[in-house]
Amino acid sequence: MQEYLNKGIKEVIKQFPPVADILNEYDIGCVPCSVGTCLLKDIVQIHNLSPEHEQSLMAKISRVISPGQEIPAQAEQPARKEKPETEIKEIKYSPPVKKLVEEHVLIKCWIALIPAVIKNMNLESPEGRQLIMDGVDFIRSYADKYHHAKEEDILFKYFDANLDIIKVMYEDHETGRAHVRAIVEGVNKKDKKSVAEHLLAYQELLTGHIKKEDEILYPWLDRQLTTTQIGEMFAKFNETDLKFGQAPKKYEEFVNKIATDYSD
Amino acid sequence: MAEFEGCPGSRMADFRGKDEGGGDAPAGKVASQLRQWPIQMHLISPMAPYYQGADVLLSADCVAYAFGGFHPEFLSAKGGSTSGGKGKAIGIACPKLDEGQDVYVEKIKSWIEDAKINTLTVLIMQVPCCMGLLQLAKQAAESAKRKVPIKYIVVGVQGEILKEEWV
Chain A
423 MQEYLNKGIK EVIKQFPPVA DILNEYDIGC VPCSVGTCLL KDIVQIHNLS
473 PEHEQSLMAK ISRVISPGQE IPAQAEQPAR KEKPETEIKE IKYSPPVKKL
523 VEEHVLIKCW IALIPAVIKN MNLESPEGRQ LIMDGVDFIR SYADKYHHAK
573 EEDILFKYFD ANLDIIKVMY EDHETGRAHV RAIVEGVNKK DKKSVAEHLL
623 AYQELLTGHI KKEDEILYPW LDRQLTTTQI GEMFAKFNET DLKFGQAPKK
673 YEEFVNKIAT DYSD
Chain B
610 MAEFEGCPGS RMADFRGKDE GGGDAPAGKV ASQLRQWPIQ MHLISPMAPY
660 YQGADVLLSA DCVAYAFGGF HPEFLSAKGG STSGGKGKAI GIACPKLDEG
710 QDVYVEKIKS WIEDAKINTL TVLIMQVPCC MGLLQLAKQA AESAKRKVPI
760 KYIVVGVQGE ILKEEWV
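For the protein sequence lines, the chains are A and B, in the order given.
Each position in the first sequence, counted from 1, maps to that position plus 422 in the working numbering.
Each position in the second sequence, counted from 1, maps to that position plus 609 in the working numbering.
Note that these hints are calculated values from the structure, not bench results.
Treat the hints with care, as some may be off.
Stated by the list, open to error - The calculated lysine-lysine pairs, modelled on PhoX-like cross-linking and capped at a C-alpha distance of 25 Å, are:
#, chain 1, residue 1, chain 2, residue 2
1, B, Lys-725, A, Lys-579
2, A, Lys-614, A, Lys-429
3, B, Lys-705, A, Lys-521
As the list claims (entries may be wrong) - Label pairs and their calculated CB-CB ranges:
#, chain 1, residue 1, chain 2, residue 2, range
4, B, Asp-711, A, Ala-623, 52 to 60 Å
5, B, Gln-661, A, Pro-440, 27 to 35 Å
6, A, Gln-424, B, Cys-616, 54 to 62 Å
7, B, Tyr-659, A, Asp-449, 27 to 35 Å
8, A, Cys-531, B, Gln-645, 44 to 52 Å
9, B, Ala-622, A, Lys-463, 54 to 62 Å
Heads up, the beta-carbon is just placed ideally off N, CA and C, and yes, glycines get one too.
With the rest of the complex left out, here is chain A:
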């Protein structure tokens, strides 16, 4: 069992498929992760399980990996999904991290509109192409330059860039940028099918990415940061906000307009 604690989770799941179900049972969403290099031991820490649930989870995994040499579970705890509703705590973020979570709200609004945008897509008209390009501008300027820049240039700088969980986030950002390039290419070629495919892929990617950040990464990063670092980060985010001026407001209006246009 010990040697598997230092192995990447994808490798562990590949070798012992029932581990995937155990992780799902505890709401640990490593199974669909595109990278999966986080170590088994880190995953347990990152997900901030209670000591009882951690012990119970590890006992179950141990039963699969090393039958006969299980870690004893003193009192078997039900997985999170089976816990009473009252035990589910609201996630409390530090002020700078809360800002990032709030920025996700607008991004989630835009990606929720993507199916409607695709349904009404008309690449033959200049207006139709402009609408897609406005969406691209929102992604590039708001989601990427404004929001992801705060993550990549400020928040992630407090951590080791080689941490697997950080690498996964960088990889998601890069994959997102590749989809955006493909969307622009599709618009230029008036290739409706390609634009739709990449818009949907971007929607799927960002939906999972934001969920991972809001529920796993940010709370974990928050727990690692000192009070001093939180203060510094808050000041740096404020500087970024000042630099961008009214631009975020403009993008909020853009998303609201699309939402109004496509509301039934």
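For this one, chain A is given, so just place chain B on it according to the hints.
Below, chain B without anything else, positioned relative to chain A:
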């Protein structure tokens, strides 16, 4: 036996017999981590150099007596999870008994705006009246043009940390 037991802030509690040996606490002297004087909110100047850009503690008077590891945990640069960073400057007050608390609001505002503090951590006891200190801090922060992260930590009467949360 009266049902009404009076103000929780002044209700008698007897902790004798509770872990009198000191439990796992280290023996011997603990070095002071205080980096300034004065500390009482009526006496401090918010523009004193040790407040400039600092992580500041606004502590209710009783906290230092209730929380055994006050210096290493809250004041020290090498403090635990609740501290961390470069060490803290401090101001102390009692929101229940002190007079002239409008001055406190102005001084906290000046910490935020003029001394450009990095963060403010409000340390209060679990008794309800202590919440008044957090309210003073919030009032000052709302009136300040500059914004800083504010955290509050609630300490139990037997010295345990009951809550730690960003506002």
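Taking the hints in turn, this is what the structure says about them:
For the hint pairing Lys-725 (chain B) with Lys-579 (chain A), the CA-to-CA distance comes to about 23 Å; that is within 25 Å, so the pair holds. Among the hinted pairs, Lys-614 (chain A) with Lys-429 (chain A) is inconsistent with the structure: their alpha-carbon atoms are about 43 Å apart, more than 25 Å. Under the criterion of a C-alpha separation no larger than 25 Å, the hint pairing Lys-705 (chain B) with Lys-521 (chain A) is inconsistent with the structure, at around 34 Å. Take Asp-711 (chain B) and Ala-623 (chain A): their Cβ atoms lie about 58 Å apart, and the range 52 to 60 Å holds.
Separation of Gln-661 (chain B) from Pro-440 (chain A) is about 58 Å and departs from the stated range, judged on CB atoms against 27 to 35 Å. Judged by the Cβ atoms, the range 54 to 62 Å given for Gln-424 (chain A) and Cys-616 (chain B) holds: they are separated by roughly 55 Å. One distance hint, 27 to 35 Å for the beta-carbon pair Tyr-659 (chain B) and Asp-449 (chain A), is violated here, with the actual separation near 45 Å. Checked against the hint of 44 to 52 Å, the pair Cys-531 (chain A) and Gln-645 (chain B) passes, with Cβ atoms roughly 48 Å apart.
At about 43 Å, the beta-carbon gap between Ala-622 (chain B) and Lys-463 (chain A) misses the expected band of 54 to 62 Å.
Figure legend: structure checked against the earlier numbered hints; hints not met, in rising order: 2, 3, 5, 7 and 9.
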